[in-house]
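Residue numbers (my numbering), protein chains in the order written: chain A, -10 to 627; chain B, 30 to 236; chain C, 500 to 848.
Rather than coming from a laboratory, the hints here were simulated on the basis of the structure.
One or more of the hints may lead you astray.
[Unchecked claim] Chain C is nowhere near these chain A residues, computed Cβ spacing over 10 Å in every case:
hint, residue
1, THR37
2, ALA77
3, TYR207
4, PHE399
[As the list claims (entries may be wrong)] Part of the chain A face toward chain B, derived, beta carbon under 10 Å:
hint, residue
5, ASP32
6, CYS99
7, ALA166
8, VAL241
9, ALA279
10, SER318
11, ALA523
[As the list claims (entries may be wrong)] Stretch by stretch, here's where chain A covers chain C in the computed footprint (C-beta under 8 Å, at least three residues):
hint, stretch
12, 608 to 615
13, 686 to 694
14, 826 to 837
Glycine included, each C-beta is placed from N, C-alpha and C at the ideal position.
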Amino acid sequence: MTAKLRVAGWYRAALFLLLAIGFAYLLVGVGRVAMHYDDPWSDGYAITTVGLIAAPLGFLIGLGCFDYWFYWASGRPTRPEDHSSHGAHSWKDYFRVNTDHKVIGIQYICSSFFFLFVGGLLAMLMRAELAQPGMQFVDTATFNGLFSVHAALLIFLFVIPVFAGIANYVLPLMIGAPDMAFPRLNALSFWMLPCAGLLLSASFFAPGGAFASGWTAYAPLSTDMPLGQVFFTIGVQFAGASSIATALNFLVTIITMRAPGMSFFRMPLLVWANFSTSLLVVIATPFIAASQFFVLLDRALGFNFFDAFVGAGKDGSVLMYQHVFWFYSHPAVYIMMLPGFGIVSEIISVKSRKPIFGYRMMAFSLLAIVVLGFTVWAHHMFVSGMQSWIRIPMMITTAIIAVPTGIKIFSWLATLWRGVLHLDTPMLFALGFLTTFTLGGISGVMLAMIPFDIYVSDTYFIVAHIHYVLFGGSLFTIFAGIYYWYPKMTGRMYDERLGKIHFWCTFVFFNVTFAPMHLLGLDGMPRRVADYAAQYEPLNLMISIASFFLGLSMLIFLYNMVASWRGGPKAAANPWRALTLEWQVSSPPPIFNFDAVPTVVGGPYEYGVPGAVHGIFQSPAEAKPTHAGSVATSPTRE
Amino acid sequence: MEAASASTSLHHPGEADHHGPPEAHRSSRVDPQLLGMLLFIISEIMVFGAFFTAYFFIRVVDGNPWPAAGTELPKAIAGVNAGILLSSSITLHWALESIRRGNRAAFKAGMLSTFLLGSTFLFIQINEYVHIGFAPYNSAQASIFYGLTGLHGAHVAIGLMILLIVTVRAFRGHYSPEAHRGVEIPGIYWHFVDLMWIVVYSTVYLL
Amino acid sequence: MRRHPVAQMVVVGAIASAIGIAIGLSIDWFPASAAKQAAPIDTLYDVLMIVSVPIFVLVTTVILFAAWRFRMRPGQEQQDGPPIHGNTRLEVVWTAVPAIMLVSLCSYAYAVLHDIEKKHSDQLVVNVTGQQFAWSFRYAQPGGRTLMTTDLVLPKDRPVLFKVHAEDVIHDFWVPAFRVKIDAVPGITTEVRATPDRLGTYPVVCAELCGLGHSVMRTRARVVTPAAYISWLRDQNTAAAGGGAAAGGGAAGGGAAGGDPVALGRSTFTSNCGSCHTLADAGTTGTVGPNLGTSLRGQSADEIREDILDPDKTITPGFQPGVMPSGFGDTLSAQQIDGLVAYLTSVSR
Ligand code: HEA
Ligand code: HEA
Ligand code: CUA
Ligand SMILES: [Cu+2]
């Protein structure tokens, strides 16, 4: 037992978790004794706050995320690298600190889909309450908690990390790298996520209920909410640290570890997309960290960043929170979309057997979005009471962002044109994405028009926009990507029929659920309300019913994934006849990706060009990229 | 902060060969650890950027008096302190040059003096808090003052921790003219912390 | 029929767009409009529809056509499409055209914005205050007194400038029928303009999440004829005078020298509590809190006082804590509280 407690692992993690909590308790107690507070040892509020910071760190240390660096720091000889922590030989390896980017990718994807289902379930409760006017199932406190946690989970623990997960798995393979640049940092980035997710979800058990100030957590509401708010404030810090570390890792990997011959303009667009996304993350994410620091300081140490009633009555700055928050959270919406653009570019090119149309413009428009993305944050603040002149430049930049996005949409359309379209599940989701995202984007452009936004801001029109871009945009591309790389990741083929059913159910019920929200918004139904005027009942009922079916169609996906992984037919190395490097190795790839780093000799999308080759391998067997590779040789995970 | 300890501490001789065959192809002349550190510093700068945004709103946009009525900022002491911190940058550079030239004695001396100078800075800063005569909750100006200087102080503390490690290893005879990245890259971080103080000092105290 | 696909698409696209625009314009999705600001905004929306629908139709028709014409037929499994890498002319077009469209849309939107925010000389100024979870409105009166109410009364065709304040957290003052909204931000005063042009009663909504009671933070805006407005002002002022300047609402009120407490209580009630409580005697119809006409039966003065000063101490069945403001002890003067208690005890038996 004690031996178990000494080696890195779950037992030690549990032990350190407890130690950390005890430490927090002592820290607070001693501090309050020093400050001569009365009852220093029984202030649940302070103890929880410090505990929430200490506990995850304790857990991570116990699990062994830092061992190697501690060895190094203490100047002791580090264990010689035996790759024991690399690769998965049994399912157990997915539940420990693992440095293999493929294992980490799977860990990311599975954990974030878990949070999709949790967050979605919360949405189901929300829809149940909203099915009729009046209060039926939950009180307003709970309802506000529901949509706040719903959004926080789906944004910070589903969309952002799942993209990081897919890229984690595919990107190093695509650029011919054996792993990420900093594998241990990579492992740490992953393990921070479950901590963050647990914090956000656990807030429901906090006295006073979950944090209920929306995922935007505007101050001063968030500074005088019950304890649950702290779970958000601190949970987001871990999620943010995680995504910064991953982004940094991606950038270094892409810049320094590309295979010989892979110039920037020979990189697949998925790599370009994650390059741009990582730039956004590294530059923008610190801002949300700071915004939550401010809230925490106001709450825990009585700072006055947002208390506007001190002294003269104009001390704290309430609008400052919104500027800082949106300076991250607008770029964040592109953090949640650009990787999807990358996925769709891969799929559309492969599935219509044509080179991507206007490759360079595709790459440049990504960079254009990155740059513009930092110049539009105040379009979330048109009615916030900020200096009114700021609205005008923000309206223009916001509208202009539609141009690079449009370039991408039209180029995808041109790629389809005269191709040989394989309309299987990934392609269907890609096409579905094109339509729904265009709609969501256009409603976004309408929102950019100040006078119209003044009317629909904070109504269900916004909720509709949110879901058309996040569900119809991000989530559709995520589904497409999961189906597309499923054979590569699992070595198994998914069930095509179920896949198609899943697509059609999702597509139909998605639109029936969220399209009517535009009308509710136009008709004046505000968002974030547990109860609404009777005139909105019919549409809301319809929305709720549709949303339940939408939820159920998710179960088809779940079943398909699980069943196919356990019993699906073995997948060929290159079932889609794709050119990019990840398809030139076995499915799933060998533990170290390549026996020898391939050499890139051409563009990634040269479909239809006779005898075109993207990368060549030393071993002649795999030299012909277009021929369907041999059945997986390396151990398939079951 | 995880990101901090991570990317700052990944640097030790032979880091490149920790993952299995095949050897990754180097598609850029930039050294990975160096690049990682630079990117990390960019995001650090953005953290400070956010705090400066708060400062800008509270002081400029809302036009609050600076410093808050009836409070006084110890320009002089902080100025001296700035000098101390800057000199620590110089000694650190000296230490690095020495190990490059293989002069162990000077290397150790340099590291040690850097660490001591850094600690002095932190000590004086804390002492300043004790005697400054206003608390974070007195006014928004006080909040952002403590916010900015505190954020910087936290960075100094982290920097000191890393420097301590390097110093200890220096005295244990680690590093060599060939392999001294473990000094170089924490060094970059320390120089960044010092430069940041110049910005904080001139905006918060002088302006 | 073997027409060129592009030609076919143009036809289909045109028809689809026409239908889409027709639906978008013919059905009026908006609630009844009651201010001069509404018309330009609704027109802007129509223009946006006319621009957006064709774009969306364009994208979808291309996709459907591609899926129909170019889908893989049996035997094409190993085939590839033509290696087209791009077409500079096309790319220039689909960069330039949207850019031009968007810039012109922005200019138009700017014009509308300028129009709806125009300043007026003869404007009426109303001070709006948001507090968890109720609105209150203050009208400056001759003699430096202010008149405070919980539902908004406005004369028709008179430009109004709303100066919006917040007591605690951010709220958002929104009258859907006027189409305009603005946040109520603690520490600063925000402004929004509207010119009511239609008689009637319209909901006033809080549009910014402000806590437990956000969804119930509602009241009414009544647009009346100028004459009716004048007489309404007169009635309010006399009532207030009867209640000894309780009209001062907040701390200002309560100089109830000799004024009979019940009258003071009544006016205080209508101007502070009516937005949430129905009380036949006071003629208030709020539905957020219990109907005090019925629920107070048999309650002692002390119980009622406690209910007001510390609402969450005892929660009325069927309602939830934290909704009724707990700050009345500070915002109302001692006389006003006594007045309220006296008044409520008098009506509850
Ligand atoms: C994936 C996430 C995502 C994406 C990609 C976008 C994309 C865009 N968003 Fe959205 N947005 C959100 C997520 C996203 N948004 C969220 C979550 C909120 C709510 C936050 C909250 O308050 O909770 C929000 C809120 C929001 C607002 C604030 C509304 C309010 O609160 O009052 C605005 C206002 O301008 C806006 C605008 C835009 C615009 C102009 C785009 C553009 O990037 C869209 C560009 C794309 C297209 C336009 C379609 C394709 C282009 C063509 C086919 C070319 C031709 C088109 C034209 C000429 C029009 N969004
Ligand atoms: C990626 C982001 C994402 C995703 C995928 C979703 C998915 C869904 N969202 Fe969410 N939503 C947001 C992001 C997202 N949302 C954001 C950012 C907000 C703003 C919050 C704020 O105002 O602060 C919001 C707000 C929001 C609101 C407005 C709340 C309010 O303002 O009052 C509503 C209301 O209907 C809603 C509904 C839904 C529904 C029905 C789904 C469905 O698509 C969910 C479908 C998935 C599942 C159902 C889970 C899987 C299925 C099972 C677990 C099986 C069990 C199913 C049954 C029992 C039927 N969302
Ligand atoms: Cu007040 Cu919402
Ligand atoms: Cu935005």
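Evaluation of the provided hints:
1. THR37: holds (21 Å)
2. ALA77: A/ALA77 clear of chain C: closest Cβ-Cβ about 34 Å, beyond 10 Å.
3. TYR207: About 6 Å separates A/TYR207 from the closest Cβ of chain C, which leaves it inside 10 Å; violated.
4. PHE399: violated (4 Å)
5. ASP32: Since the shortest Cβ distance to chain B is 17 Å, the answer is violated.
6. CYS99: violated (22 Å)
7. ALA166: holds (5 Å)
8. VAL241: It holds, given that the least Cβ distance between A/VAL241 and chain B is near 5 Å, below 10 Å.
9. ALA279: Holds - the Cβ of A/ALA279 comes within 10 Å of chain B, reaching about 3 Å at its closest.
10. SER318: Given a least distance of 13 Å, the restraint on A/SER318 is violated.
11. ALA523: Not OK, violated: A/ALA523 not within 10 Å of chain B, min 42 Å.
12. 608 to 615: holds (count 5)
13. 686 to 694: Holds: 3 residues of the stretch 686 to 694 of chain C have a Cβ under 8 Å from chain A.
14. 826 to 837: Check failed, 0 qualifying residues.
In this structure, the earlier hints numbered 3, 4, 5, 6, 10, 11 and 14 are contradicted, and the remaining ones agree with it.
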